[in-house]
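2 protein chains.
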Amino acid sequence: MVEIIDGGVTTPQGFKAAGVHSGVKYRSLDLGVLYSEVPASAFVGYTSNNVKAAPVQVMMRENSPTLSAVVINSGNANALTGRRGIEDAIAMKQAVASELNLDPVQVGVMSTGLIGRFMDMHKIRYGISRACRELGSGRECDGLIAEAIMTTDTIKKECAGRVRLQDGTLVYIGGISKGSGMIAPHMKVLHGTTLSLITTDATLSPAFREKWQEILDDSMNMVSVDGDQSTNDTCILLANGKANGKCADDDPEFIEALRTVMTRIARTIAMDGEGATKLIEVQVTGADTKEDARKLVKTIINSPLVKSAIFGSDPNYGRIMMALGNSGCKFNLEDVRLTIKGGDMEVPILDSGAPIFQEERAVEVVRMAMDNKEVTILVDLAIGRESATGWGCDLTYDYVRINAEYAT
Amino acid sequence: MVEIIDGGVTTPQGFKAAGVHSGVKYRSLDLGVLYSEVPASAFVGYTSNNVKAAPVQVMMRENSPTLSAVVINSGNANALTGRRGIEDAIAMKQAVASELNLDPVQVGVMSTGLIGRFMDMHKIRYGISRACRELGSGRECDGLIAEAIMTTDTIKKECAGRVRLQDGTLVYIGGISKGSGMIAPHMKVLHGTTLSLITTDATLSPAFREKWQEILDDSMNMVSVDGDQSTNDTCILLANGKANGKCADDDPEFIEALRTVMTRIARTIAMDGEGATKLIEVQVTGADTKEDARKLVKTIINSPLVKSAIFGSDPNYGRIMMALGNSGCKFNLEDVRLTIKGGDMEVPILDSGAPIFQEERAVEVVRMAMDNKEVTILVDLAIGRESATGWGCDLTYDYVRINAEYAT
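Taken in sequence, the protein lines are chains A and B. According to our numbering, the stretch in the first sequence is residues 1 to 408, in order. According to our numbering, the stretch in the second sequence is residues 1001 to 1408, in order.
Hints listed in this document are in silico derivations from the structure and should not be mistaken for laboratory results. By construction, the Cβ of each residue, glycine as well, lies at the ideal position given by its N, Cα and C atoms. It is possible that some hints are incorrect.
Only pairs whose alpha carbons sit at most 20 Å apart, straight line, appear in this in silico DMTMM-like list of lysine to aspartate or glutamate [what the hints assert, rightly or not]:
#1 B/1373 x B/1386
#2 A/123 x A/134
#3 A/373 x B/1405
#4 B/1373 x B/1351
#5 B/1211 x B/1253
#6 B/1373 x A/405
Facing chain B, from chain A, some residues (calculated, C-beta under 7 Å) [said to hold, decoys possible]:
#7 49
#8 98
#9 303
#10 318
#11 397
#12 400
All chains should be built: construct the whole structure from the sequences, respecting the hints.
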């Protein structure tokens, strides 16, 4: 069983990190470097958006099976920047490589921020040089890199856990993430702008890739703030083997631990969605296929009407059923069970295709359930055995404010 | 050439209409009846949402090739109402039939409003009886039925035109529509909550159905306020032949006139989207397939990030390209041309895959173009010959306010 502990990316052995202010952003930290003392097996999930940012293009082309360092900047996404953007992404890798005495192919690169502006490489080079000198481990360094990758995020997203493998080895998993807008990742391993860095001192072989896609699909890829998939989504898992355990590819304890850490990070991203006041969890059960279950979760958490109803605790559950009808998944309306949970309340809504409540007073119960920081929507299609869970947030005045004045 | 005139659904010969207050809504008009003196050829497009409201289910099952009357109520969508909803929808048809001495199969029914509440049939019957007694033609009656079908709409949506057919006959087309939220219709003829009623005194045969699907696809089905397709979308075209012209199925003048009237109504729906301050028109040209062109239009007009950027006149055109990458359509980034138009300004944005503007002062030009009541986004993919145009609106504080307190 995984134990969640206070930690971050440098909690696993052999990892160091730094976060600095390079000047790309006006005041806050905007550049981070993560470093592993030994080359780590690298598993990378990239956005499936067909307009891919320069760093994504560069990383996909090189497709290195191991990485020793990753550089991340915020404030500028280096997306829609043509040939010059590609050159800048390569130059970022080279700058880190030369500071840390690495082969540039051993350096990963990620960017997040405004789309369509060229990078100020003078500032970036200065930041890289400083960050490489300030590398260290411990909670302070964890916090600096987690802060350096934030854009409209209001909270740092960190999580760590430890788990004992079947061979007795105690391994650590640490992770950070950023992301609060343009969030609907659909990351494919080798071929997710949430940027996430997951570190572990467990040992993994390249064959772990498939399992990792599955965990990504159940965690990061089930978060949606606005249904808009970024040009920059990237999630990197680095496993440096410093715990000296056996290969953990098939260790159920490890797999469950990684899933737990990544799911926690995914939930935090949704909870910190732009302008969000509530976390919405959608659980679909009894679906005919896994794809149906995921499709329905996404249709519900992306519906502006469902999201704004939850913001206002408006018991307009008809909108959830509208989303069901639009999802394209298989169901018989008469068999569908819809339940809304919030706080200690669990309110069944439907019976044989029609709402249980008709009277105003009964509807009030639904409003009370919705009036919580976390609202769970449960849909049991009762037609099959597949299920999926996903996370989103409410649509608020602040979402509009933040996004009506982002570039300015 | 069609001439747009001041008119509505009773402008074509032989149509009468009424709009009354039945009491389903607190104060405003909430029930309308449209009547044709002779049975009219009926073409109906229904929502493709798989949770279909009771009136949609009833109409689809009967699938009558001709209709003499249509009853519409607002305030209650009669959706998610199970068996009782079906009985109520049938009872609405029967009530109109008995008032007007018609076969119930000759009566169409549409509902719009809150989902998941049973109809108050006592009020509905009273409203039907009054509306049937008050049927009349002329601008006043046009206005009453147009008002009776409004929900969160802030303006009446009416349009009329007249056109001379190739055989010399002068025919009239009139239309009304409602819809400002839960708008992303994808109506299929016989198998589209915008409710629309289009009347004409031209003569049409059942074979016109295919052409009508095409016009629907280019007009109503290209409107999106929130990407949420309603359980109730229905668009009815009634052609009663009272102009005594030849069959207009293949008359290019008629087809163009109908397209013009329906496109004008579609634009009005987008312009009156919930909370909207701006109309967004997206024109895609040079697409590989028609489907690609439509898909891209929809991805752009549905993106909350694009919509809120336009609300704030925030020149964040990177978001339009993010939407392009997510649309799934075929393109070469280097060939894509993006132009933003507003007022008298037409601003080219991209050159060879990167934005033309980098400097703050140049970006101001984009902001000025966006600071208009109508903003047009032109995307030329330059890869094929297909095109599509669609309409949406900005995402504003008022959208959130309206939808956070709709049921209350």
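Verification of the hints:
Taking the CA atoms of residue 1373 of chain B and residue 1386 of chain B, the gap is about 28 Å. The hint is violated against a cut of 20 Å. Restraint check: the Cα-Cα separation between residue 123 of chain A and residue 134 of chain A comes to about 17 Å, which is no more than 20 Å; the hinted pair holds. About 18 Å separates the Cα atoms of residue 373 of chain A and residue 1405 of chain B, which keeps this hinted pair within 20 Å; it holds. Taken as a hint, the residue 1373 of chain B and residue 1351 of chain B pair is broken in the structure, with Cα atoms around 27 Å apart against an allowance of 20 Å.
Restraint check for residue 1211 of chain B and residue 1253 of chain B: satisfied, since their Cα atoms lie roughly 13 Å apart, inside the 20 Å limit. For the suggested pair residue 1373 of chain B and residue 405 of chain A, the alpha carbons sit about 18 Å apart, so the restraint of at most 20 Å is met. At a threshold of 7 Å, the smallest CB-CB gap from residue 49 of chain A to chain B is about 4 Å, leaving the interface hint in force. Interface hint at residue 98 of chain A: violated, since its Cβ lies 27 Å from the closest Cβ of chain B, which is beyond the 7 Å cut-off.
Interface hint at residue 303 of chain A: satisfied, since its Cβ lies 5 Å from the closest Cβ of chain B, which is below the 7 Å cut-off. Taking 7 Å as the C-beta cut-off, the interface hint given for residue 318 of chain A holds, the closest approach to chain B being about 2 Å. Annotation: interface hint on residue 397 of chain A holds; nearest CB of chain B at approximately 5 Å, less than 7 Å. The beta carbon of residue 400 of chain A comes within 5 Å of a beta carbon in chain B, closer than 7 Å, and the hint placing it at the interface holds.
Hints 1, 4 and 8 from the earlier list are contradicted by this structure; the remaining hints agree with it.
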